[in-house]
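Chains as they are written, first to last, in my numbering: chain A, 1 to 426; chain B, 1 to 213; chain C, 1 to 72.
No lab work stands behind these hints, which were simulated from the structure alone. Yeah, the Cβ is synthetic: ideal placement off N, Cα and C, and Gly gets one too. Any given hint could be a false lead.
[Unchecked claim] Examples of chain C residues lying across from chain B (beta carbon under 7 Å, computed):
hint, residue
1, His17
2, Glu20
3, Leu21
[Said to hold, decoys possible] Each pair of labels, with its calculated beta carbon distance range:
hint, chain 1, residue 1, chain 2, residue 2, range
4, C, Ala46, B, Gly148, 45 to 53 Å
5, B, Val87, C, Ala46, 44 to 52 Å
6, C, Leu28, B, Thr83, 45 to 53 Å
[As the list claims (entries may be wrong)] Rough simulated footprint, nothing fancy, chain A against chain C, three-plus residues with beta-carbon under 8 Å:
hint, stretch
7, 32–39
8, 48–56
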Amino acid sequence: MRAAALGEPRRVTSLVGGRLLPTDGREPTSWSTHVERYGPLPSLRGRERSLLAAVEQSGLTGRGGAGFPTAIKLATVAGGRSPVVVANGTEGEPASAKDKALIRANPHLVLDGVLAAAAVVGAREAVVAISRGSKCVATLQAALRQRPPGRPNILVAAVPERFVAGEESALVHWLNGRDAKPTFTPPRPFEKGVGGRRTLVQNVETLANLGLIARYGADWFRTAGTPAEPGTVLVTARGAVGRQRVVEIELGTTLSEVAELCGGLVEPMQAVLVGGYFGGWIRPDLDLPLTQAALRPLGASLGARTIALLPASVCGLAETARVARYMAGESAGQCGPCLFGLPAVAAALETIALGLPGAAAALNRLPQLSAQIARRGACAHPDGTLRFVESALDVFADEVDLHVVGRCSATRGEPVLPVHSSGEWR
Amino acid sequence: MSGVLGSSPAVWYLMRASGVVTLLLLSGVFALGVATTNRQQLGRLPRFVTAALHRNISLLAVVFLGIHVATALVDPYAQVSATSVVVPFVGAGKPLWIGLGAVSLDLVAALTVTSLLRRHLGQRAWKGIHWLAYLSWPVALAHGLGVGSDTNALWLRALTAGCVVLVGSAVVSRLRSVGGPAKQLEPRGDPVLVHAPGATRRTRRLAGERAAA
Amino acid sequence: MSDHLRVNPILCDAYGHCAELLPELIRLDEWGYPIVDAGPIPDELAKDARRAVASCPRLALLIEQRRGTEAA
Chain A
1 MRAAALGEPR RVTSLVGGRL LPTDGREPTS WSTHVERYGP LPSLRGRERS
51 LLAAVEQSGL TGRGGAGFPT AIKLATVAGG RSPVVVANGT EGEPASAKDK
101 ALIRANPHLV LDGVLAAAAV VGAREAVVAI SRGSKCVATL QAALRQRPPG
151 RPNILVAAVP ERFVAGEESA LVHWLNGRDA KPTFTPPRPF EKGVGGRRTL
201 VQNVETLANL GLIARYGADW FRTAGTPAEP GTVLVTARGA VGRQRVVEIE
251 LGTTLSEVAE LCGGLVEPMQ AVLVGGYFGG WIRPDLDLPL TQAALRPLGA
301 SLGARTIALL PASVCGLAET ARVARYMAGE SAGQCGPCLF GLPAVAAALE
351 TIALGLPGAA AALNRLPQLS AQIARRGACA HPDGTLRFVE SALDVFADEV
401 DLHVVGRCSA TRGEPVLPVH SSGEWR
Chain B
1 MSGVLGSSPA VWYLMRASGV VTLLLLSGVF ALGVATTNRQ QLGRLPRFVT
51 AALHRNISLL AVVFLGIHVA TALVDPYAQV SATSVVVPFV GAGKPLWIGL
101 GAVSLDLVAA LTVTSLLRRH LGQRAWKGIH WLAYLSWPVA LAHGLGVGSD
151 TNALWLRALT AGCVVLVGSA VVSRLRSVGG PAKQLEPRGD PVLVHAPGAT
201 RRTRRLAGER AAA
Chain C
1 MSDHLRVNPI LCDAYGHCAE LLPELIRLDE WGYPIVDAGP IPDELAKDAR
51 RAVASCPRLA LLIEQRRGTE AA
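Given the sequences, and given the hints that come with them, work out the whole structure.
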């Protein structure tokens, strides 16, 4: 295995000299530039076991939100009759842009990861799933044309743009020709997925890392990050920063360092939403290192790897209510507690956010609703939304006190957190 | 099989009586089926009773249907062969009306078998076949009206009218409830609402109040 | 290993028969959907539990075998 062609990773890995994001993020890296930069992907024939061992040793975990150890997933799917690899780049989280940024800038590294995963599990077919209507579709198709033909056979699939469409069982359901809605588990995709076969569903960033481990090994991978959480991650930074962008950082980088990379904090912030709309609000602490270990005691987790720094001038409750209403609308509508519970939660939040007379009653209603919704859906959508809402009520408690008497401390009304949905399921 | 037993008028009467009872029971099953799907309660009985009655009375109807078919086969005057009982429109006497009876029997058999094996069939296949119930009743009714020779008897006409009214009102009730229960409706969250400018304006107004205070 | 009740929330359509047949272990939320006690089914309720499973119009109620501390 070649030594790293990238030089020693610095303490904070910005776009310049990043592992996953090349120096110039604007145009997709061509095949020849890609091979020049990273070196060719070594032949994996006969070395599948040692690659799996390297992945295990590297401590690579899923970069899609759940953070599941990649080696375990690979080992479970391997040995099936004819498994399928699905690269999940759908990124249904509106606040997150990192998967699209990765695919747009570095499609070949993602495809290398697909090849490596396919070699380990013994798959001859692979799908790269991305959101319909995104530029990534064309980028990937162009990249595939540049590559030499061979196994596995890689297809590009344009998935409906819905929040839950990227959930692994929903994605598999759609690939099987049905709606992009989650299914009842068990069986999970690794047991029975596309066409009834064992399916490895892995985030595109995880696969890109796999493409690097296949070249440079586990020890190299561990030179970044912390011993417990090695490697780099892509995060999307939004809100009170000079430039909202996707940056690559080592795990363990602090919030203030992330803000620096994004043009600095341009206005005072009141709270940070970590992990997207299944994530949690936390009180602003610029020295907070971004690791699961540091976030978990605060009731948060890296999740979809979005960091939204909420300006102090905006109403956190209004933002939360908008997102809650969006999440209610993104329910697949299959399970009663989610279908009926989330709109009720959104309505209660709207009452509070607007400071209407019923705000105090709405505040009491929320725990009642929560108790009836938690863990009663087929997927994590209702639970993730509840976690987001409950963290808001905790972190914005002072603001809630104001709203209950019809006041609000915000001075600006522009929305900060993005929401958009195509409304399609097929 | 027909001989001493077959030439007795008792068999003939049993065949016709069991036919009438089958039609009555099927009408009740129809109404109970609609009531089940509409989540109706019968009086103050729990809803599972409605469903259980539907299932149990349908099995009772199958028993009477069995007696009706068996006696028809035995009775020589009915001119029903074993084939014409299940294959429609091949019988010797009154092929049309007996054929309709065969169709109805086939449909009821399909409904019964699929319902007993429902767990293995899956919801979609079961439901697809169960829709045939809406067809099986009018076919049974037509068979009864066409094949009988004493349909002019007042009591029989009154019974038939009662069945028609019962089933008719069940159909109306079913048509009225189409479009929901629950999950057939679109979820009420409307993502477009999120961009409603009103929300942000109100917030600004509230902010203005705070600033003024 | 013990038997536990579980609802398939996708199939469930809020008929409510299960809660009528097994009120000791199943109650309904404000929208009519079942909240199921996920603990081991007591022996004296085993027959009622099987009856509740058989009577679900959508076949949404299941009995799963689990080790005592496993979650669904």
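Now for the hints, and whether the structure bears them out:
The closest approach between the C-beta of C/His17 and any C-beta of chain B is roughly 4 Å, which is under the 7 Å cut-off, so the hint is satisfied. Because the beta carbon of C/Glu20 sits about 4 Å from the nearest beta carbon in chain B, less than 7 Å, this interface hint is met. Taking 7 Å as the C-beta cut-off, the interface hint given for C/Leu21 holds, the closest approach to chain B being about 6 Å. Between C/Ala46 and B/Gly148, the C-beta spacing of about 50 Å keeps the proposed range 45 to 53 Å intact.
One distance hint, 44 to 52 Å for the beta-carbon pair B/Val87 and C/Ala46, holds here, with the actual separation near 46 Å. C/Leu28 and B/Thr83 have their C-beta atoms about 51 Å apart, which keeps the hinted 45 to 53 Å range intact. Coverage of a stretch by a chain is defined here by at least three residues with a beta carbon nearer than 8 Å to that chain's beta carbons; for the stretch 32–39 of chain C and chain A the count is 3, and the condition holds. Counting residues of the stretch 48–56 of chain C whose C-beta sits closer than 8 Å to any C-beta of chain A gives 0, which falls short of three, so the coverage hint is violated.
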